[in-house]
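First to last, the sequence lines map onto chains V and F. If you use full-length UniProt numbering, the first sequence corresponds to residues 1 to 264, in order. If you use full-length UniProt numbering, the second sequence corresponds to residues 1 to 410, in order.
Any given hint could be a false lead.
Stated by the list, open to error - Looking from chain V toward chain F, a few residues come up when the C-beta cut is under 8 Å (computed):
#	residue
1	T62
2	W100
3	P102
4	R110
5	G119
6	D131
7	A152
8	M162
9	V179
Hints were generated in silico from the structure; no laboratory data involved. Ideal Cβ placement from N, Cα and C applies to all residues, glycine included.
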Amino acid sequence: MSVRTAFDTARADGRAALVGYLPAGFPDVAGSVDAMRAMVDGGCDVIEVGLPYSDPVMDGPTIQAAAQQALEGGVRTTDVLRTVEAVAETGAKVVVMTYWNPVERYGVERFAAELASAGGSGLITPDLVPDEAAEWVAAADAHDLDKIFLIAPSSTDRRLAMTVEACRGFVYATAVMGVTGARESTSDLAGPLVKRARELTDLPIAVGLGVSNGDQAAEVAGYADGVIVGSAFVRRLLEAPDTASGIVAVRALAEDLATGVRRG
Amino acid sequence: MSVLPDETGHFGRFGGRFMPEALIAAHDELTQAWTEAMADPAFTGEFERMLREYAGTPSLLYDATKLSELAGARIMLKREDLNHTGAHKIRNVLGQALLTKRMGKSRVIAETGAGQHGVATATACAYLGLDCVIYMGEVDTQRQALNVARMHLLGAEVVAVKSGSRTLKDAINEALRDWVASVDDTHYMLGTAAGSHPFPAMVRDFCRGIGDEARAQCLEQTGALPDAVAACVGGGSNAIGMFAAFVDDPSVRLYGFEAGGDGVDTARHAATIYAHEVGVLHGARTYVLQNEDGQTIESHSISAGLDYPGVGPEHAYLAETGRAEYRPVTDAEAMDALALLSRTEGIIPAIESAHAVSGALTLAKEAPGSTILVNLSGRGDKDMTTAIEWFGLGGTGIQRADESTGEPQA
Chain V
1 MSVRTAFDTA RADGRAALVG YLPAGFPDVA GSVDAMRAMV DGGCDVIEVG
51 LPYSDPVMDG PTIQAAAQQA LEGGVRTTDV LRTVEAVAET GAKVVVMTYW
101 NPVERYGVER FAAELASAGG SGLITPDLVP DEAAEWVAAA DAHDLDKIFL
151 IAPSSTDRRL AMTVEACRGF VYATAVMGVT GARESTSDLA GPLVKRAREL
201 TDLPIAVGLG VSNGDQAAEV AGYADGVIVG SAFVRRLLEA PDTASGIVAV
251 RALAEDLATG VRRG
Chain F
1 MSVLPDETGH FGRFGGRFMP EALIAAHDEL TQAWTEAMAD PAFTGEFERM
51 LREYAGTPSL LYDATKLSEL AGARIMLKRE DLNHTGAHKI RNVLGQALLT
101 KRMGKSRVIA ETGAGQHGVA TATACAYLGL DCVIYMGEVD TQRQALNVAR
151 MHLLGAEVVA VKSGSRTLKD AINEALRDWV ASVDDTHYML GTAAGSHPFP
201 AMVRDFCRGI GDEARAQCLE QTGALPDAVA ACVGGGSNAI GMFAAFVDDP
251 SVRLYGFEAG GDGVDTARHA ATIYAHEVGV LHGARTYVLQ NEDGQTIESH
301 SISAGLDYPG VGPEHAYLAE TGRAEYRPVT DAEAMDALAL LSRTEGIIPA
351 IESAHAVSGA LTLAKEAPGS TILVNLSGRG DKDMTTAIEW FGLGGTGIQR
401 ADESTGEPQA
């Protein structure tokens, strides 16, 4: 079912949705499932399950380090789908965030079919723009999956219109011109981008890149329908002495952020 | 000018633009600037002037008579090794640097493997007054300390990349990350005919002087077109620059020689087209060395310039359509050819180019008496450390090559 329902529920509560990201297989497959479930317990409405990739050009050092650790641990595409299934069982909406090559390699139609049967809602594709996405769009439509493409501050009006038109579920607005990673201050490019996109679509618009605490989440929730947090969660696990305490820290961060989106 | 790519940057099913949306506007801007520049005689005239007066082109087409005698075919060497900075790469960087200025940008970033593209980029930036930052895998900065020093001397900043395998592909990743954050004032000067549109076509067009010159020189010197053209292929800029002039000559066979490393039956090679797995890497659909989950596999070659797990999408297209043929050449075969060319002609080629020489020797055996143009894309000065290790130089001779070629000791 579309991730849209999670945004609608949040909107009915008069708040933004909280979207949390972790790569599957980090610190290991079981640990990532536990951590994602803790994020749901802490208040995440949507979980982005990252598919670790060897050449993550959109990611900063934090997420790259986690993805590398997951790959060195032997995580496979099938593990990512198992993770989706385990997290979707909680009732939270789950989408997969992946660079394109692993999906193409797995088989686009096969990936879409298995993602749908695992209970996943759709795919966020950071290096696949709608211009190149014909095969994915066909597979997603066939399996009733969300297609979440990215928009950026540098997107022209024409591209913005084309991209939001191609999206289903929500629109992912990259708040900064830069890669993933927690930042001290939120971007002043995000607000205007969300405003431009809103004039073109009724889809929820979620803002990602750089949010790391409840105050920043509250600020973004003031103008966006969803707040996406990734690196800050990854850092909690990277910096923890062991997985159990990392998961406690992940849950605490989710709670802080969940409070934040309710203040926004 | 070749008809391909199409408007969206595709060579058949290859190529395209698999890039973050944040960089699409920059690609569109670059495509437009490049298209307009190539149609502007002021730009192309200045580019040609720089190539002629600064880079030293046209490079010679040298009739390698002694090598030919040994090989049994007429081998002619396109002497790109005689260009300023010692390789064909100066053509691409001068073109892109001039385009950077035309776009009103002041900063250039680039990736480099062995350091050759880094040195060439730093050279062009020094010449045209642009700020220059070079991303280089940490492993490569250690292997190629001399080139790091050259870049420093030329005024460039060199960033040692510590992520991933700390080699070329990680340097590309890091340069892309810089570009996402700096695209307003920065041009990403990609060093090969790979990546997302317009890079493969743009780099080809800046390098196509190699083939245009060689074709005219061959006609003038031999009165006919060659039977075959040979070039080494990593990302494939020197090869596509050579091939571009001959693609529409059906009688001319095109051969690309990939790095076979320890052998294509081992895991240690960089023969991407030979491995024949289609995927998406660094912005384009092409052949990619990858595992069954689509994760990029580390490539291996004795030649850093060919040590890349992808290949330019136009080469993928030429391979699939059968217009060009691609074959692997192992480290050992390339080093044998390097030694042979050094002894017979007094020309020490880059190890990259030695792959093409080795391939040409095989072609000569297959078609005795034919005329083969070989792109000698670079000189071997940079490879002396590798050569010393490989051959155990500093002693009395090049024993290893003598054994394998069976030639009498000179």
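Status of each hint after checking the structure:
Violation of the interface hint for T62(V) is found here, the shortest Cβ-Cβ separation to chain F being roughly 11 Å, above the 8 Å cut-off. For the restraint placing W100(V) at the interface with chain F, the shortest Cβ-Cβ distance is roughly 5 Å, inside the 8 Å limit, so the hint holds. Taking 8 Å as the C-beta cut-off, the interface hint given for P102(V) holds, the closest approach to chain F being about 4 Å. Interface restraint check for R110(V): the shortest CB-CB distance to chain F comes to about 13 Å, outside 8 Å, so the restraint is violated.
For G119(V), the suggested interface contact is broken, since its CB lies about 21 Å from the closest CB of chain F, more than 8 Å. Residue-level restraint check for D131(V) holds (minimum Cβ-Cβ distance to chain F is 7 Å; threshold 8 Å). Restraint check, A152(V) versus chain F: the minimum CB separation of about 4 Å is within 8 Å; hint holds. The beta carbon of M162(V) is not positioned within 8 Å of any beta carbon in chain F (closest approach about 10 Å), and the interface hint is therefore violated.
Below 8 Å, beta-carbon pairs count as interface contacts, and V179(V) has one with chain F at about 5 Å; its hint therefore holds.
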